[in-house]
Every structure is written in structure tokens, then in C-alpha cells.
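Undergrad: Sequence:
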Amino acid sequence: KADMNAFTENLAKFRGGREARKKAANVKFHSIELSEGAGDVDVACSKTEGGAAFEVNVLACLDPKVAPATSSWLHWGALMDSRRKEWQCPPEEVLPPQTKLHDAKACQSPLDLLGAGTCGLRISIPRLPPEDAASTGEDPVPMIAGIGFVVRAVETDKWLKSK
Numbered sequence: 161k162a163d164m165n166a167f168t169e170n171l172a173k174f175r176g177g178r179e180a181r182k183k184a185a186n187v188k189f190h191s192i193e194l195s196e197g198a199g200d201v202d203v204a205c206s207k208t209e210g211g212a213a214f215e216v217n218v219l220a221c222l223d224p225k226v227a228p229a230t231s232s233w234l235h236w237g238a239l240m241d242s243r244r245k246e247w248q249c250p251p252e253e254v255l256p257p258q259t260k261l262h263d264a265k266a267c268q269s270p271l272d273l274l275g276a277g278t279c280g281l282r283i284s285i286p287r288l289p290p291e292d293a294a295s296t297g298e299d300p301v302p303m304i305a306g307i308g309f310v311v312r313a314v315e316t317d318k319w320l321k322s323k
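When you line the sequence shown up against the numbering used here, it's residues 161 to 323, in that order.
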């Protein structure tokens, strides 16, 4: 019961901070509620200073009974084309530390424990060289169009996706 109360409080705080995270994301922000009442995941993408790269911050508040943060991984793939939802294994220079290749379409990265019931992962995505960028404007274009993911709770052997 104490665990559930702590999770409920942590989730309320997490949701309370969502608007600030949304404002800080200067490219894209997406929020999902996980299946099985496992919690929420926010994904924020921002251009770095000077626009040389893009930072994708995945932040999750997980129910420890369903997905203990100490053993939860992001099972994810790169979306190379914004019109297609087909996953590909991300290019090597995009992979965060301790990431394991799963197959040709996905990899798995451990979520770092951040405290207050949250865990997260930062993915740095280089920009395409201007000559390769689809746009003719000055806006930098990321090497990958986006990410698709599920949360893998290793300890409870659960695969959690958007509700």
C-alpha cells in the first residue's frame, strides 16, 4: 500500500512538471500513458546550442510493481522517414552507452534511475550535413526522423506500450 501511495504521489508530481518539460522542448514533445497502469512516459526533443545536434530526452514515471525502474529498458528503433512508422536499428553514433542491439529493427537501452520514481534516457542525434538535408532553408534536419519504442520491464517480464 505504501508503494502504491508513493507511486501515486510520484506520478502526480511527474504530471505536474509536464508543462515545463513541454515548454523546454523546442522541436517536439509527446506524452503517453503506458498499458497496465504502469505509468507515463514523456519524450522531449530539443535542438542543442547552435543546432549541431538534437537531444531526445525520454523521461518515465513507472509503477515499481509493474515496471521497477531499476530493471526497465527502452526497446526502441529509429524512424528514418517521418511518413513511415517502420523501425530500423539506429545508427551507431546515436546509441546511448550500454545500449544492446536487439535485431535489425531495434535496440535496448537501460533507463537511468533519476529519483522520485522517475527514470530516463538521453539520446543525442546528429544533424544531417546541410547538403544532405531535405530542406533548402537554414533549419537543421536530424539524422533520424523520430523514435518508436516500448518499455521493457525485465524483472516482471512485461512489454509496455502506449495505452
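Watch out, some of these pointers could steer you wrong.
Quick list of simulated restraints, FRET-style, between CB atoms [stated by the list, open to error]:
1. 163 with 187: 23 to 31 Å
2. 173 with 231: 21 to 29 Å
3. 180 with 225: 22 to 30 Å
4. 215 with 175: 17 to 25 Å
Keeping only pairs whose Cα atoms sit at most 27 Å apart, straight-line, the calculated DSS-like set for lysine-lysine is [claimed, not checked]:
5. 225 with 188
6. 323 with 183
7. 265 with 183
What the hints contain is simulated information worked out from the structure, not anything from laboratory work. C-beta: ideal position from N, C-alpha, C; glycine also.
Undergrad: Each hint needs a verdict: does it hold in this structure or not?
TA: Hint check results:
no. : hint                     : verdict
1   : 163 with 187: 23 to 31 Å : 36 Å, violated
2   : 173 with 231: 21 to 29 Å : 22 Å, holds
3   : 180 with 225: 22 to 30 Å : 28 Å, holds
4   : 215 with 175: 17 to 25 Å : 22 Å, holds
5   : 225 with 188             : 30 Å, violated
6   : 323 with 183             : 24 Å, holds
7   : 265 with 183             : 31 Å, violated
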